[in-house]
Every structure is written in structure tokens, then in C-alpha cells.
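With chain R held as given, fit chain C onto it using these hints.
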Amino acid sequence: MITVKQLRRTFGPIIAVDSISFDAKKGQVLGFLGPNGAGKSTAMRMLACFLRPDSGSASICEHDILKEPVEVRKNIGYLAENAPAYSEMTVGSFLNFICDVRQITGKNRKKALDKIVSTCSIESVYHQSIETLSKGYCRRVGLAQALIHDPPVLILDEPTDGLDPNQKYQVRQLINNMAKDKCIIISTHILEEVEAVCDRAIIISRGQILVDSTPQQLKEQYNCGLDEVFRKITRKKSA
Amino acid sequence: MNSFKAVFKRELKGYFITPVAYVFLVIFLFFAGYLPFRQGFFQYRQADLVLFFRNLPLLFVFMVPCVAMRLWAEERKSGSIELLFSLPVTVPQAVLGKFFAAWVFLLIALALTITMPITVIYLGVPDIGLIITGYLGAALMAGAFLAIGCFFSALTKNQVISFILSVAALAVLVYASMPTTLNYLSGFLPAAMVSAIEPMSLLNHYESIQKGLIRLNDIIFFSLLIIGAGLASVIILDERKAG
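These protein sequence lines map, in sequence, to chains R and C.
In terms of the working numbering, the first sequence has 129 at position 129, counting the first letter as 1, and numbering is strictly consecutive.
In terms of the working numbering, the second sequence has 333 at position 94, counting the first letter as 1, and numbering is strictly consecutive.
Just so you know, the hints here were simulated from the structure itself, not pulled from any lab data.
The model shown is predicted, which means the values in this text are computed figures rather than measured ones.
Each residue gets a CB set at the ideal place from its N, CA and C atoms; glycine is no exception.
Be aware that one or more of the hints could be misleading.
[What the hints assert, rightly or not] The calculated label-pair distances, taken between Cβ atoms and stated as ranges, are:
1. C/Asn241 to R/Tyr126: 22 to 28 Å
2. R/Asp114 to C/Lys450: 57 to 63 Å
3. C/Gly467 to R/Asp199: 50 to 56 Å
4. C/Ile453 to R/Lys111: 48 to 54 Å
5. C/Asp287 to R/Gly12: 54 to 60 Å
6. R/Gly92 to C/Ala410: 39 to 45 Å
7. C/Arg284 to R/Gly92: 53 to 59 Å
8. C/Lys316 to R/Lys110: 30 to 36 Å
9. C/Tyr361 to R/Lys110: 49 to 55 Å
10. C/Ser319 to R/Ser55: 24 to 30 Å
11. C/Lys316 to R/Asp199: 37 to 43 Å
12. R/Arg231 to C/Pro331: 45 to 51 Å
13. C/Leu424 to R/Asn36: 49 to 55 Å
14. C/Pro331 to R/Asn36: 34 to 40 Å
Pulled out of the complex, with its shape left as it was, chain R reads as follows:
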């Protein structure tokens, strides 16, 4: 469902993503791990067709990110790093705007809205303007806009950031429930999250993929917890 080939992006002298390649299939939850500034968000932004790569290519659901960006965007749900939204709008009007753009109309819209509002537990803030919401609610609204059209591919940049432990648990459950039918890429710093939801982990540092394995295999190979594995791998690279 996702094929990435030699994707590279620089910002002036900084190489944010350095020729990364990987594939992901339906039913996989891929964890993107790495220290701050490793290039996770840049890679995700390129897959979401927000940033153009300097070189390399990628395709999502058989659509090339450079040649058919609109088709790619129809097939993905993307939650950006800080869950940006139009803060002056109410949650309801914001989700209706997303439905307008994604051409979800009539009965389907009502069904999609009812489903997503209860899935993301945002009933209580539905008529509230987004600027008055807490960080956790903002993220849930962001998650709602990413899921509303039931896309086959999900790209979620730190989906549980800012959520309380109960909400984190709910989001992880949600990801697990969706995992069978979708291809999901999530980036996170929280390693327990990788163990809880991901069946594959890619560790990225300084724009390069250092490890592409399963969380279980990593723990067995290094004979320690994921925290320790992460430190060993990323420190080795920094040194």
C-alpha cells in the first residue's frame, strides 16, 4: 500500500531525510521512531504530499505522490505534528468543512459525523470553538478529521501527544481496532506505544533508517527493553 524509494529532502545545508526506502502493507502498523530532528515529520509530510521531495519517489495505494497528489490525499488520513486546525471554527463546522472538501454529503455525512464524534469522544465539545479546547481535545479533533473519510492509509504524527493516560489508551485501542483493514504509520517518542500498537518499528536518525524490524525482534536481538535498544542504536549513530 505504501512504497517509498530513495526519498530525500534537504532544507538548505541540512539533510532532513536521506534517501530512505521502505514498503508497508495493509494490516501493518508501522512505528516511526527517532530522536528529535531525525526526519520523521519531514518524511511523513512528504508522504502526505505537503512537502515535495528533492529526489526519490513514493506511492500510496498505487498513486505517485508527485504525479497524483490529489488522489494520494484522498486515500490518506493525515494528522500533522501539532494537529493544526482552524481555531476560530467550532468543532462541528470544522468537521463539516472537512466533509465538504472530501465530498462526503447527505446521509453519508451524517453517518460519518455521528461515528467519528463518538469514536473520538468529542461529543461534549462539538459546538465549542477549537481555540477554547485543551491540547488533548485539539488532538482528538485532529484525529477525527484524519479518520472521517475512513481512509485505507493513515499517517499519524505523534497521535497521542498531549493526551491523558485514559485518552492514550483509547487512541491505542482505536489504532489496534483499525489495524486489520488499514495501513498505518505512526511516529512517536513513546516507546511503550510502539510495543502496544506497532507490529513493525523503523528507527530513523539524521534522516537515515537505522533499523527496520519488529519490536519483539529488537528486544530479543539486543536482549533489553525497547528504551535501551533505542538509546543504543541512536547513540551509536550520533557517535
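Coordinates of chain C only, in the frame set by chain R:
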């Protein structure tokens, strides 16, 4: 097309769910009425809107950038541009949606000055055709100013910088043909260049429409300005939406 409509609808509604629209309309309508009255709207003793239309370019130089500055700068600043361009919306659709929403908003502001023509119609027998072409010229000028403001808003994430650059560029465009400007320029520029600058001025084209003449070259001038600035916005956003 649906994406264009969605962006247009959201943007137009956006003006009215914040105080922006109301503050803008009050200030605009106050000055649109105050300036002609101050210059002797009644003492002038003629049933026309010459004084009203004469003041609009100056008013638009300051007021249109107020509407335009937020169009893209705010999206960049808040990061919502990342949301917008990860939805199935192309850059031209988004630029057009925002531009037309802001233009419609400016047309609403212009429409609310209807009390001025009503006053002259009540007091005398004005040339209605002249009033209609006056409004047409004002609408075209607002569109051209807006397209330029939209371009400067796409350039930066700072709304103040966008406002200042727009005001400066519009002032140059409007006042390029003033006799004082041309006299000053002829002091150090060759005569051929000065005569090339003169037709570039927006004021010439606006004033010719105000005289009741709808000439093709005036319409083309405004259309080209709108299309050119719109295309420049698309290119800038395509290149550096994340910047």
C-alpha cells in the same frame, strides 16, 4: 470544483464568525461616507458620486490589505496550511477559493455604500449609468488590489509585513501617474521610461471607467493584474508552503 467551493465557503464564513468583518465594515463605511462629506458632498450641488468614487483608491490602498493580509500569512503562522494541503485541494483551487471569498466580502462592503447613490437619487437626477460604471470600476480595483495583497500574504507568515508590503506596492501602483510623481521621476529617468510608467498606473484605468467608458484595455489591465498576481501566489505557495 468542490474543493474550491469548500474553501470559498469556509473563508467567507470565517470573516463573519470573528469580529474582523464587523470592524472592517464599520471603519470602511465610516471613511467612505466621511471623506466625500468633508470635501463638500452637498456644497458641490451636483447629483453624482464623483467625490465618493474619487476617494475609494486611497481608502482601498489601506483597507484592502487589511482583508488580504490574513489570507495566507495566518494559515502559515497557525500551521493550518499543512492541514489544508494534506486535504484533496490543489494550490490553484485554494488560491481561487480564498481570493473569491475575500472579493465577495469586499463587494459586500461596497454594496453597503448603497446609501450614497440613494441620497443623490433622492436629491436630484443623477446619471445612473455613471454610478453603475463607477461601482464596476471600484469592484475591479478592489479585485486587483486584493490579488496583490494575496500575493504578499503568501510571501510571509507575518501579517504585519504582508500589510506593509501590500500598502507600499499599491501606493506605487496608484500614484505612479500623479503629475507630482511623474515630474519627480522625469528629473532622473529618460522621458521614454516616464511615459512607459504612466499607463501602468491603476488610477488612469480606474478614472477612465469612472467617466462611464468601459474600454477593453481597462478591463484587460485589471484582469491581467488579477490573473498575474494570482499565478504568482500559486507559484510561491507551491514552492514554499512549508516555509
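Here is what the structure says about each hint:
{"no.": "1", "hint": "C/Asn241 to R/Tyr126: 22 to 28 Å", "result": "24 Å, holds"}
{"no.": "2", "hint": "R/Asp114 to C/Lys450: 57 to 63 Å", "result": "59 Å, holds"}
{"no.": "3", "hint": "C/Gly467 to R/Asp199: 50 to 56 Å", "result": "52 Å, holds"}
{"no.": "4", "hint": "C/Ile453 to R/Lys111: 48 to 54 Å", "result": "51 Å, holds"}
{"no.": "5", "hint": "C/Asp287 to R/Gly12: 54 to 60 Å", "result": "58 Å, holds"}
{"no.": "6", "hint": "R/Gly92 to C/Ala410: 39 to 45 Å", "result": "42 Å, holds"}
{"no.": "7", "hint": "C/Arg284 to R/Gly92: 53 to 59 Å", "result": "55 Å, holds"}
{"no.": "8", "hint": "C/Lys316 to R/Lys110: 30 to 36 Å", "result": "34 Å, holds"}
{"no.": "9", "hint": "C/Tyr361 to R/Lys110: 49 to 55 Å", "result": "50 Å, holds"}
{"no.": "10", "hint": "C/Ser319 to R/Ser55: 24 to 30 Å", "result": "29 Å, holds"}
{"no.": "11", "hint": "C/Lys316 to R/Asp199: 37 to 43 Å", "result": "38 Å, holds"}
{"no.": "12", "hint": "R/Arg231 to C/Pro331: 45 to 51 Å", "result": "47 Å, holds"}
{"no.": "13", "hint": "C/Leu424 to R/Asn36: 49 to 55 Å", "result": "54 Å, holds"}
{"no.": "14", "hint": "C/Pro331 to R/Asn36: 34 to 40 Å", "result": "35 Å, holds"}
Violated hints are absent here; each numbered hint is respected by the structure.
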